[in-house]
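**Q** Please take these sequences and the hints and turn them into a complete structure.
If you read the sequences in order, they're chains A and B. Using my numbering, read the first sequence as starting at 29 and increasing by one per residue. Using my numbering, read the second sequence as starting at 7 and increasing by one per residue.
It is possible that part of the hints are untrue.
Claimed, not checked - Listed below are the simulated SDA-like cross-link pairs for lysine to any residue, each with C-alpha atoms no more than 20 Å apart in a straight line:
1. B/39 x A/294
2. B/111 x A/376
3. A/433 x B/120
4. B/111 x A/296
5. B/39 x A/296
6. B/111 x A/374
7. B/111 x A/375
8. A/433 x B/119
9. B/111 x A/373
10. B/39 x A/297
11. B/39 x B/104
12. B/111 x A/295
13. B/111 x A/297
14. A/433 x A/50
15. A/433 x B/111
16. B/111 x B/53
17. B/111 x B/37
18. A/433 x B/123
19. B/95 x B/123
20. B/39 x A/167
21. A/118 x A/202
22. B/39 x B/100
23. A/433 x B/89
24. B/95 x A/373
25. A/433 x A/379
26. B/111 x B/99
What the hints assert, rightly or not - From chain B, some residues computed to sit far from chain A (all C-beta separations above 12 Å):
27. 29
28. 30
29. 41
30. 64
31. 108
To be verified - Short, incomplete list of chain A residues facing chain B, as computed with Cβ under 8 Å:
32. 38
33. 42
34. 294
35. 371
No lab work stands behind these hints, which were simulated from the structure alone. Here a beta-carbon is modelled for each residue, glycine too, at the ideal position from N, C-alpha and C.
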Amino acid sequence: MFGNVARSRLLPMSLPFRYFGAAVLFHVAAWALLLPVAGEFADFQAGLGPVFAALHLLTLGVLAMAAIGATLQLLPIATRQPVRSIGAAKLLWWLLASGTLVFACGAELYLPRLMAAGAVAVTIAFAIYAFLLARNLLGARGLPVVVAHGWAAFACLIALAATGIALVAYYEHGIALDHSAFRAAHLVLAAYGFMGLLAFGLSTFLLPMLAVAPSPASRISYVTLGLGVAAITLGSLGWRLPGALLGLCAALLHIYSMERSLRARLRSPLGPAFLLIRVSWACLALSLVAAILMELGHAPARAGLLFCLLLIPGWLLTFLLGVLQRIVPFLASVHASKASGGTPLISALTPVRLLAAHRILHLGALAALLAAVFFEQEILARAGAAAGLAGALAYAAFFAFVVLKVRNHGIHPPHQPAPA
Amino acid sequence: MEYIRHINRRLHEEHQATLALWGRLEASLSAGKPDSALMRSAAASLAEEIDRHFAFEEAELFPRLAAAGEGDVAGLLAEEHVVIRAAAKDFIALAKTDPADPRLKPLGLELAERLVAHVQKEEMSMLPALEDLLDEQADEELTTGYVSS
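**A** This is the structure we're talking about:
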């Protein structure tokens with residue numbers, strides 16, 4: 029279907045970095061879109077508009093974009109299979125980036141027709157990614173735990189694309205469907221399913237590597253996966269309470285096994301990125317506690333919004349930002365080494381103060397938004413959105429720092445795909 | 007990751023030992039409490055690693071990787087050997103003459119970071135690739151040759 033198989037499992041630098049770069053820009057755009065309407069944030073229920081647009085800039089533009097970029101580079105290492113087509117991976121990026129932009133513009137301007145055009149591009153992008161993912165997993169050798177998580181994420185990706193198309197059809201053509209049920213299923217499949225399972229699977233291989241620690245026990249990882257898949261299935265079919273309970277068990281088991289692995293690490297400093305990763309784990313568990321309380325009727329007012337905050341920026345975004353700040357300098361050092369004859373130290377590609385500023389701003393933004401919704405305080409929402417935007421700009425500066433450092437190191441990243 | 011090939015298990019064990027030793031050294035240097043005995047032990051281990059482990063990988067493993075289409079990875083790892091060797095030469099010389107020399111701290115920290123990153127890359131890319139590349143006979147020959155070297 030697509031030609032141009034990657035020669036090596038190490039992709040050209042420009043490929044994963046275009047995904048990370050786009051994610052960094054969409055991150056800034058999401059907070060910038062939220063800032064002017066932050067005063068209304070605490071009252072947000074549902075429907076189109078700037079908050080909805082910002083949410084999808086975050087989910088499609090940041091989370092899906094970075095996750096696809098990271099898996100294109102990391103899965104071939106885990107599965108010992110090269111990316112099947114460099115051309116398809118590039119086309120995927122163009123479709124996802126442009127589709128996300130058009131979709132968000134349509135949502136912001138209340139233009140369902142424009143949203144539909146964006147959704148079509150995003151759906152085609154996801155279809156290409158599903159093809160690349162499936163081809164990679166079909167020939168996978170090694171790390172069966174990661175592969176099993178990959179297949180589960182693949183199934184969720186197909187289901188989330190189907191529910192997404194149905195929702196766009198509802199907005200554009202007014203087709204009859206249970207909108208709230210489809211919306212809930214779409215959220216569960218996207219956040220806990222596709223993104224969550226990819227995060228769980230790659231964590232079992234990536235986090236021990238970053239921490240210089242042993243991998244978690246496979247048996248526990250398989251049990252976690254089984255519980256997670258059952259929870260996602262139940263949750264997306266409308267059985268939310270049993271789904272959330274099983275999901276909480278899966279989340280706690282995952283956190284336990286990862287912490288056990290990290291405790292056995294051979295290098296004592298974990299690095300500040302793991303603060304973000306641990307906060308993200310706490311948000312994951314709290315999101316499921318919030319879901320359980322909502323189903324039991326014990327949740328506070330605006331619990332739905334608190335749940336979304338814990339789930340999207342709390343769990344997924346915080347986790348992603350923590351992991352990216354480790355793998356971006358790591359991958360950059362690999363590519364800087366290739367062409368220059370000298371290997372830059374990863375620490376030289378890690379601007380510690382900038383990342384510390386980002387951590388404070390990001391965690392401050394998260395805390396302020398949660399407090400704003402809980403206490404219904406406009407001023408806290410505005411402060412949170414401002415801190416979020418400042419944090420996103422600091423993160424963009426970090427990314428620019430790494431790219432400029434690599435360029436100044438005298439390298440010319442190989443942009444040409446390697447011959448098959 | 008669990009390895010089937012004996013040579014991979016052997017190299018993995020040596021990586022773990024290197025990470026443990028240099029992790030301790032890094033912690034002592036970062037805490038401002040350099041340990042002369044640890045410094046000498048790290049220098050001796052590093053000299054052994056360069057003489058034996060690096061030389062074996064360069065002579066036997068990197069060419070196999072390159073021939074199997076993993077030339078990028080082999081080239082990257084070989085380049086890192088060059089950089090580590092240069093830093094190690096200074097570190098070993100200083101640690102032998104004066105383990106309390108203050109110049110050892112930046113050198114030790116640099117080497118700790120480089121060795122950890124290098125081991126991470128070998129564990130992520132080289133050893134899994136060798137699992138696929140080597141058959142039982144090649145694995146036995148390599149293991150025997152390495153153990154007796």
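**Q** State for each hint whether it applies.
**A** Hints, one by one, checked against the model:
1. A threshold of 20 Å between alpha carbons decides the hint, and for residue 39 of chain B with residue 294 of chain A the separation of about 19 Å falls inside it, so the pair holds.
2. The hinted pair formed by residue 111 of chain B and residue 376 of chain A meets the criterion: a straight-line CA distance of about 17 Å does not exceed 20 Å.
3. Annotation: proposed proximity of residue 433 of chain A to residue 120 of chain B holds, straight-line Cα distance about 18 Å (limit 20 Å).
4. Distance hint between residue 111 of chain B and residue 296 of chain A is fulfilled; the C-alpha atoms sit about 17 Å from each other, no more than 20 Å.
5. Distance hint between residue 39 of chain B and residue 296 of chain A is fulfilled; the C-alpha atoms sit about 15 Å from each other, no more than 20 Å.
6. Using a Cα cut-off of 20 Å, the hinted pair residue 111 of chain B and residue 374 of chain A holds, with the two alpha carbons roughly 18 Å apart.
7. For the given pair, residue 111 of chain B sits about 16 Å from residue 375 of chain A by alpha-carbon distance, which is consistent with the 20 Å threshold.
8. For the suggested pair residue 433 of chain A and residue 119 of chain B, the alpha carbons sit about 18 Å apart, so the restraint of at most 20 Å is met.
9. Of the supplied pair hints, the one linking residue 111 of chain B and residue 373 of chain A holds, its CA atoms being roughly 16 Å apart against a limit of 20 Å.
10. Between residue 39 of chain B and residue 297 of chain A the CA atoms are separated by roughly 16 Å; this keeps the pair inside 20 Å, and the hint holds.
11. Restraint check for residue 39 of chain B and residue 104 of chain B: satisfied, since their Cα atoms lie roughly 15 Å apart, inside the 20 Å limit.
12. Annotation: proposed proximity of residue 111 of chain B to residue 295 of chain A holds, straight-line Cα distance about 17 Å (limit 20 Å).
13. A threshold of 20 Å between alpha carbons decides the hint, and for residue 111 of chain B with residue 297 of chain A the separation of about 17 Å falls inside it, so the pair holds.
14. Between residue 433 of chain A and residue 50 of chain A the alpha-carbon distance is near 19 Å, which keeps this suggested pair within the 20 Å criterion.
15. At roughly 25 Å between alpha-carbon atoms, residue 433 of chain A and residue 111 of chain B are farther apart than 20 Å, so this suggested pair is violated.
16. Proximity of residue 111 of chain B to residue 53 of chain B is assessed by CA-CA distance (about 18 Å); at most 20 Å being required, the pair is judged to hold.
17. Restraint check for residue 111 of chain B and residue 37 of chain B: satisfied, since their Cα atoms lie roughly 11 Å apart, inside the 20 Å limit.
18. Simply put, residue 433 of chain A and residue 123 of chain B have alpha-carbon atoms about 18 Å apart, close enough for the 20 Å limit, and the pair holds.
19. For the proposed pair residue 95 of chain B and residue 123 of chain B, the alpha carbon gap of about 19 Å is at most 20 Å, so the pair holds.
20. Only pairs whose Cα atoms come within 20 Å are accepted, and residue 39 of chain B paired with residue 167 of chain A is rejected, the gap being roughly 50 Å.
21. Taking the CA atoms of residue 118 of chain A and residue 202 of chain A, the gap is about 34 Å. The hint is violated against a cut of 20 Å.
22. A distance of roughly 17 Å separates the Cα atoms of residue 39 of chain B and residue 100 of chain B; the hinted pair therefore holds under the 20 Å criterion.
23. About 19 Å separates the Cα atoms of residue 433 of chain A and residue 89 of chain B, which keeps this hinted pair within 20 Å; it holds.
24. A threshold of 20 Å between alpha carbons decides the hint, and for residue 95 of chain B with residue 373 of chain A the separation of about 18 Å falls inside it, so the pair holds.
25. For the given pair, residue 433 of chain A sits about 11 Å from residue 379 of chain A by alpha-carbon distance, which is consistent with the 20 Å threshold.
26. Note on residue 111 of chain B and residue 99 of chain B: the hinted pairing holds, with a Cα-Cα distance of about 14 Å set against a maximum of 20 Å.
27. Here residue 29 of chain B does not stay apart from chain A, with its beta-carbon only about 4 Å from theirs, under the 12 Å limit.
28. Listed as outside the interface, residue 30 of chain B is inconsistent with that label: its C-beta sits roughly 9 Å from the nearest C-beta of chain A, within the 12 Å cut-off.
29. At roughly 15 Å, the least C-beta separation between residue 41 of chain B and chain A is larger than 12 Å, which holds for a residue marked as non-interface.
30. The Cβ of residue 64 of chain B sits about 16 Å from the closest Cβ of chain A, beyond the 12 Å cut-off, so the non-interface label holds.
31. Taking the minimum C-beta to C-beta distance to chain A, about 20 Å, the non-interface status of residue 108 of chain B holds against the 12 Å cut.
32. The restraint placing residue 38 of chain A at the interface with chain B holds, with a minimum CB-CB distance near 5 Å, inside the 8 Å limit.
33. Among the interface hints, the one on residue 42 of chain A is violated; its C-beta lies about 15 Å from the nearest C-beta in chain B, farther than the 8 Å criterion.
34. Because the closest C-beta pair between residue 294 of chain A and chain B is about 4 Å apart, less than 8 Å, the hint holds.
35. For residue 371 of chain A, the suggested interface contact is upheld, since its CB lies about 5 Å from the closest CB of chain B, less than 8 Å.
In this structure, the hints that do not hold are numbers 15, 20, 21, 27, 28, 33, in rising order.
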